[in-house]
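**Student:** Sequence:
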Amino acid sequence: MLLGLAGVLVAASVTACIPGDEGNSSGGDSKTVEWWTINLQKSYKVYIDGLISQYESQNPAIKIKWVDVPATDMPQKFLAAVSTGNPPDAVNLTSAQLGAFRPALSDLGEFFTDEDLKAYQPSLVDALEANGVQSGIPWYHGGGLISYYRKSVVDKVGFTADKAPKTFDEALELAQQIKDKTGVYGMNLPFVFTIPSYYGIEVLSADKTKAAFNTPQTVAVLEKLKKYYDSGALAPGTTEKNWREYPQSVQNKQIAMASADFATSLVAVEENAPEVYQDLVVAPGVRSPEGKYLLNGMQTFVIPAKSDNKAAAADWLKFVTDAKNEVEFCKLVAIFPGTVDSLNDPFFTGSKSGAPTDVARRLVASSVSDVIDVTYGTEHDVELQEALEEQIRAVLSGAKTAKQALDAAEAAWNETLG
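Numbering (my numbering), first residue to last: 671 to 1088.
For the record, the hints were derived by calculation from the structure and aren't laboratory data. Incorrect hints may appear among the rest.
[What the hints assert, rightly or not] Pairs of lysine to aspartate or glutamate residues, derived as DMTMM-like cross-links and limited to a Cα-Cα distance of at most 20 Å, are as follows:
(1) K747 with D1051
(2) K1073 with D900
(3) K733 with D719
[Said to hold, decoys possible] Cβ pair distances, simulated, as ranges:
(4) Q924 with E893: 50 to 56 Å
(5) D743 with A1069: 44 to 50 Å
(6) A750 with D1077: 19 to 25 Å
Glycine residues also receive a C-beta, built at the ideal position from the N, C-alpha and C atoms.
Take the sequences, apply the hints, and build the full model.
**Tutor:** See below:
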């Protein structure tokens, strides 16, 4: 299963010699590193406390002050801390949030050598670098997206996993066949802001100062989506704003397939609809024209520029993201590590089970080198994503033509970026 045994603690081997930082001392030469995470204390306190205890025993001059922050509060809370000039020393941000804080972050290249950075998946660590500045390092993510299918439905159209769609167009065509032959809605849209990327469409200018997606190709893509939406190949709930609340799902048997979803979704299906789980066939998710799996964000670590304990914070982050430590975290929750060596662990490679979650784990682990983060790397990623998604939903609902929607999205983007 993707969910591992709770309470597994870490046996890590990282010991460090920390260069001298100034400030935030807690007596003598000891230092306190204030470390913020997102929504971990309720479910993973034993694991985190174990990390802290082991690190502090190996580094008696360093104390870790762990502060866990609700996900919805993190951007505002961190902004307030940065504004006062007294930020924490190390912070967990999503890659979509990181761009907004980039001017207030340290260049981690000062504390992570090239060899240190090689420990992380290249496509992930590269996505956190801009203009020669390494603003963050990867921690964990949901993995390259997989596809899964209700066998009892897709068998009726002659589907086999070895012929699973490789492109978004192929997925739409299969969804249409399913609707035509079975009456079951085909699928929902995966993360809507990523749709242009599935067609190789550049969404931003190279200098990230204006929108680039308002092209005849994008118009054609949105018109195509509208056709599939009207036919029922795309489920009617796809126009809902929150993808987590789509009313039609594989789990409730109202759609037949998911073309690009997190492997973690299978855990919920197994827990809430075991009869559906037993009916699932898992295959790789659809890819971009370059054969890449599109990751719509990851969890990262950053160090504020005004931290007084940068070197100690960096050393602590190296420990947290050590390959062994990441594997143990992945055993507790359905996530995938940002480090290369973690994926060589038997936890990811050893199982030969045909259970959907085990198949998904092997698929994701074997494809991480082909994963790219398609967040934008601007200071306004979340706002831009929402603006684009709003206009795509307007096309599907019939409120706007494709050209009207793209004009509106382009204007919104350029105003925000300007």
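**Student:** Next, verify each hint and record whether it holds.
**Tutor:** Evaluated hints:
Distance restraint check for K747 and D1051: the Cα-Cα separation of roughly 18 Å lies within the 20 Å cut-off, and the hinted pair is therefore satisfied. With a CA separation close to 18 Å, the supplied pair K1073 and D900 stays within the 20 Å bound. Taking the CA atoms of K733 and D719, the gap is near 12 Å; set against the 20 Å cutoff, the hint holds. A hinted range of 50 to 56 Å is violated for the C-beta pair Q924 and E893, which are about 25 Å apart.
Checking the proposed 44 to 50 Å range against D743 and A1069 shows it is violated: the Cβ atoms sit about 33 Å from each other. Judged by the Cβ atoms, the range 19 to 25 Å given for A750 and D1077 is violated: they are separated by roughly 36 Å.
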